[in-house]
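A.B. asks: Here's the letter readout for the chains.
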Amino acid sequence: MSNTKYIGQSVKRVEDKRFITGKGRYTDDIKLVGMTYAAFVRSPYAHAKVLSIESAEALEMPGVVAIFTGDDIKASGIGGVPTGWVINFRNGDTMKEPPHPLLIATSSTAKHIGDPVAVVIAETYAQAVDAAEAVVVDWEDLPAVTDAFKATQDGATLVHDSAPGNLAFDWELGNPISEVDAAIEASAHVTTLDFINQRMVPNAIEPRSYIGHYDEATDKYTLYTSTQNPHLIRLLMCAFVLGIPEHKVRVLGPDVGGGFGSKIFHYTEEALVTWASQKIKRPIKWTETRSEAFMLDAHGRDHVSKAEMGFDAEGNVTALRIKTYANLGAYLSTFGPVVPTFLHGTLLQGLYTTPKIHIELYGVFTHTVAVDAYRGAGRPEATYLLERLMDLAALEMGKDPVELRKRNFIPAFDGVEQPGYQTQVALQYDSGNYHGVLERAVEMLDYGNFRKEQKEAAQNGKLLGVGFSTYIEACGIAPSAVVGALGARAGLYESAQVRVQPTGKVSVFSGSHSHGQGHETTFAQIVADKFGIPMEDVDIVHGDSDAVAFGMGTYGSRSLAVGGSAIVKSIDKVLEKGAKIAAHKLECAADDLEFAEGKWTVKGTDQSISFGDVALTAYIPHVYPEGLEPGMDFSSFYDPANFTYPFGCHIAVVEVDKETGKVRLRRFIAVDDVGNVINPMIVDGQIHGGLAQGIGQALLEGAIYDENGQLTNGSYMDYAMPRADDLPMFEVDRQITPCPHNPLGVKGAGEAGCIGSTPAVVNAVIDALWSGGYQVKDIAMPLTGERVWRAMQNN
Amino acid sequence: MTQITVKVNGKVHSHEVEPRTLLAHYLREQLSLTGTHIGCDTSSCGSCTIHMDGMAVKSCSILAVQADGCEITTIEGLATDGQLHPVQAGFKECHGLQCGFCTTGMIMTAVDLLNQNPDPTESDIRHGLEGNFCRCTGYHNIVRSVQWAAEAMKKEIMVE
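First to last, the protein sequences are chains A and B. Sequential numbering from 245 applies to the first sequence in my numbering. Sequential numbering from 4 applies to the second sequence in my numbering.
Extracted from the complex, chain B is given alone in its bound form (with noise of 0.2 Å):
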């Protein structure tokens, strides 16, 4: 067993982890954070994305002891004071989102784009969140919203 210190969502967390445990099972089975969801084995499917010091990465590639000592968002913590981040309020909006399964994955993705990318293409959203299946919405809408949130960004308008 390992220690590791990570701090989630601006909580820090100390736990004792085996080496082998992911990162995605340290945060659904230790810290109860079910909203981080997995989908498959071989890290293609994007719904277990979060962000790690910032960036999205899919927790399933990352060992718990590699986030030792990082800072770690996951769909939980993006909603700031009871507001939903735009691109949360952009899924709901342009009904980007079915089953909800690939959503909060999804949603971490399309932060992180939006924050590298603020006024992307149809294009580029298409391309940025290749690493992110949907099954349910023939990802037309999940576009929408993504172009929905970049404008309420570009506005400031925080929508609950």
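Isolated chain A, as found in the complex (with noise of 0.2 Å):
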């Protein structure tokens, strides 16, 4: 590194400007020539039969341009949207893997609330709506199932012919259930939890928005999408949906206003909208509303289990079996399968050296809409059930639930003097020291006199409660060979190219893609320090499958660690270069030259030249080396040697009102360690926002189908998103291990806040209730007052 000036600084962002002042340019803010608008006739029904579809009226009121409906769909033969992943079933059976088609077509059926039959296409966003209200679809409503566990009963309704008990795939990893089986049964104290970790709305702020663009002239398509990855949609798109050339269509990610996962996955509008604008020659724009932001952005979570730990007399875990139901909803999503499998069974080794574990799992279809990957995606579901048993294992066995971790932590290891940690559950962890994490996070609450101040309350009749929670997840998930091995129909490198302009600016193209993250500042950091150049000379493309080489994107907090990694590579690259020219213009061998501050310079002379005076030489190439190509412009794919692991333990102090039941928030600390930070700052942003989607599912938030399908919550009057007179200041502070295998030292800091923080308002909720005499072993997330309340009484 030649000087670190921006690494490690809190750097204010360089995005910022443009939103404070309004001139963020999201893709609803986007109006091209000639523009026409969408809007969906939708399934009112979870399950329901289409017996015909009336258009010919609407087609004939103001503005309407075109009407599509399922039938023309069918009829052009385009495919259906695909899934990303394969998991197959135990006995080798191929995974089910039903069409989802971009309309319903007649005599099909729709299969959850908002599927749609028809796009209205007008002059006006109005007239839009005013005539897919016009289109008149008749309908044969049919029973629905969308419990995962009730779906796959006998006589369960099934959502797809081809998938019989509702099953996309059942799925088991660990050690041999009988070794499991024995383990249990031989432990002197079992802990025993069934919960539903309840479906959550990752609910974006920015409502998705599409404009698909064919231009007649270039026989081109140019996609603006609010997505967290441009070329995998592309790919996807291309190559699996519409079967148009990949090299014929740009898609470009303007501003992206945030994902949480949600804004990974292909979605049929985005097909459509590109597909329908050849038919029309003009380009479309659609813009969900939140109602159907609420109904159609893939959910979360959404797990029923049994989960049970063993320990031996002293507090040693002995065995965990888990036995979980996991809703996919109606159709595959881009990464439906993987989340409950690969990011939620390979996470239950925990911190926790139990030497025997077993997860079995069934993939179920129900008629709701997707689940897929929201913030932390199987890994918040991994650690809620090891913590929860955790702390309750704790209460049963009268034992502290500190000091139960602590005998159960893995020790320190840095993953290069010593190895990695190779689990049960076939991860093998880079590098950890959880019981630095334990002790820091325990010193900032002072244990010892919260123990003390809870008594005291518990005799003044208050409940005062403190809830644990350590984790491990596994991030930048890679590499590519694994990954196949796995089920990934994709590879999971990034790309970056790091192009040295003649005067030394430089522009780098990433793969990856911000919607928040404020990787314009980040990456700038990076590219600065190792040129010894301002950050203002350093610029960051991102977003653009033209001027982007390739890109996986952002998702899984990968875009630092994969897409980081691959920026530094293509800088290596450019200094392996220069550093000829640097020789051969100072006349001396490469190896005698160190690059710092911005230039190279003979070692122990102080001849020298600058890094944009090399630049200008690769340019004007007068004075040259021999055989060396001009110019100064680097690409590079980064492919992990590893996922990288990174942990943190938090801490909830709540109280309980015991009239009401009402949880408040007291404390909230956290103490992450994500590896190395290049921006403190938006470290520091990253791991609030998580605590807050993390604590919102633990007191709030949470998606509610009734029994015939009906989202009775879908809109943000129903539905309590977490408010800022919800949420104390957090506590936060950091321990560093760095990851041994990027070059960064990097972990990935996006998701670690939204996978500690849940069960660990849960964990402070049960204790305060114990304080006060109630052995309560488990509510039912969100915690409102009145299931505080009703557990109480009940108890």
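Since the hints were made in silico from the structure, they are not lab data. These numbers come from a predicted model, not from an experiment. Honestly, I wouldn't trust all of these hints.
As the list claims (entries may be wrong) - The calculated lysine-lysine pairs, modelled on DSBU-like cross-linking and capped at a C-alpha distance of 35 Å, are:
1. 14/B with 157/B
2. 249/A with 158/B
3. 261/A with 157/B
4. 267/A with 14/B
5. 95/B with 256/A
6. 464/A with 847/A
7. 824/A with 847/A
8. 267/A with 525/A
9. 158/B with 267/A
10. 567/A with 340/A
11. 261/A with 10/B
12. 275/A with 158/B
13. 275/A with 157/B
14. 318/A with 10/B
15. 267/A with 95/B
16. 95/B with 843/A
Starting from the two chains in their separate frames, assemble the complex, guided by the hints.
C.D. replies: Pasting the structure below:
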């Protein structure tokens, strides 16, 4: 590293200026000449057969340009939306992957609320909506099933005739079940929990928005999309859905207003506006309403589980046995199958030395919208299960939850001197110091004093509680060969191009994509430091499939660990070539040079040449090494050696009102270890946002389908989003254990907050209740006042 | 169609609008002031907050015709003579934004909050921002941004 003027500093964000002045450019802000607007005709039922679609009258309405129905799509022969991951049945049978059509045709069935049957395109959005209301669909309403467990029981209505028992797959991981059964049987104590990890609505504040634009003159398509991964959308849409040549399609992801997973996936509307724009030879914009966002953006979590954790008399964990029903919704979304399997089952070792682990999991179709990756994606579900069991076991056994964890922690290892830790569930952790984060968090809590305060409060009839949670996550999912063997239909690398301009200014093209994470700042800090130039001389370009060679995008906290490492690879190539040019100019060997402070210097002398002068020489190669190509522009693809494994400890302190059950979050402490940190301000911001989402799941949020499959809380009036006055100031600190296998030593910070926080809050409420003599084992999230109050009354 | 005349960010505009046009749509579509964002359809999220005759309102809950004769300030008109408003500066200074989508409405609400209460407590700020959702920041740094702005306004420091 040449110097660290920027790396490790809380540099203010480059992107802020446009956002605070209203000059951000989100997809819905874009207006193209001749643009039309789309509105969809959607199923009002969760499960219903389309008997007929009548659109002739709607077509005559003012401003209507075209109407396409499911029958048109069927006739066109274009495909449905594929999933990106295959999980086959344990007996070797192929995963059930029923078609996901772009629009439902006559005689077919809609399979969730909002499943579309037709799209209306008009001169204005209001005209499109008016005409969509005039399209008459004759429906035959059919029974629906929305609960993952019930859907697998005998007699349950089938979502797809091709998937008996509503199963997409079943799956297991870990030690042989007989060994796990025996270990549980032999345990001195077994803590058991039957619980639901409820369904979450991602709720990025920017609704999804797409503009499809076919240009007849060049036979090229442009798709503007609020996506987390433009190239992935292009690949899926071109190769699998529309069958149009990839080089004729440009996908742009301009400013994107949050994603949290929900904007990873390829949605039917993206393909439809692109396809239809070719039919009408005009651009088409569709922006969803919030109601549509609730109904259609892939949801998160939704597990029904039975979990058992065995302990010996001293409190050592002997075994973990899990059986889970994971709701996948009606169709398999892009990463739907991998979230409950390889992003969940593989995390069940947690931070503990548990010797025997087994998970049995069922991937289930229901008449609900697809479930896919939502911030944390599988890892929060694993952590919830482990950390709820751990705190409950401590209460049941009369042990201290902190001591119980410490007793079972995997000892510290750096992944360099000490090897990585091989789990019972496939993964090998890279580096970790789990005692460190726990001890720091406990110190911030002032644990001893808290227990005194809690006792006094209990004597005064007040319920105070503390909840602990430690977690590990697997980020930057890789390498490609491994994920391929596990069923991925894509590689999981990242690309980066570093183009040094003749004047020494630098443009970086990244396949990663920012929708709030601040890539334009963090990436520029790295580049500026490595080249010893001011940050102002670096520009980060992302979100344009024509500008950027390729990219896998942003999810799973991978941008810095994978995308940043790809940038470093290209930087290294620039510096290597630069040294050759510098050596020629300075008439020495490249080995005699050192690069620091933005210049190459002949070691032990004051002879030097600046980065800018070398760049200029590369483009005006008059005095130049023989055989060396001119120019200074390098691309790299980085395919990591392993996942990265951030970890941490979260502690919640709550007060429960005895009369109403209302929970007040008094404190929230988070000590996270995300490896090296480039911009502490941005990393803290990522942690804060994750905490709010994790706490939101514990206390406020949850999608509720009724038995007919109606989403009963599909608006901001009904779904409790965390507001500013629901949350305290967070107490955040960090420890740094570098990742041993990527050049930056970073692990990823995007999801951490959302993974550790949920069980900490629920544990704190349970602890508060036990302090008042209510020995409640579990309350289903979200822990509303009513639910907590009922749990107290039923105790 | 109905004729309306509104003064937006100091400039007078006259337009024919459909009576059902929401002010938010008028600002975005007819005046191309796309800094005012639309995040929901129940006037819950606050992304479309603007100032109408000096008060913060959600522009999705007002018809364009109701704004006839009114004076409107949007995020684009908040900075004066190239100088950021202290609340804008505070959001940058304290990392009060991530994706930026809720930010413009959040800033407009916070400006009104500080106009009404120049010395708010943390609790005042949290209650004052209840009508604006942010999914990125957990509100922690938004609260700090508003606190920073309150201090800056007290000191009459205008930061570029």
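A.B. asks: Are the hints correct? Go through all of them and say.
C.D. replies: Results for each hint:
no.	hint	verdict
1	14/B with 157/B	29 Å, holds
2	249/A with 158/B	31 Å, holds
3	261/A with 157/B	23 Å, holds
4	267/A with 14/B	18 Å, holds
5	95/B with 256/A	7 Å, holds
6	464/A with 847/A	54 Å, violated
7	824/A with 847/A	15 Å, holds
8	267/A with 525/A	30 Å, holds
9	158/B with 267/A	28 Å, holds
10	567/A with 340/A	20 Å, holds
11	261/A with 10/B	25 Å, holds
12	275/A with 158/B	42 Å, violated
13	275/A with 157/B	41 Å, violated
14	318/A with 10/B	51 Å, violated
15	267/A with 95/B	14 Å, holds
16	95/B with 843/A	32 Å, holds
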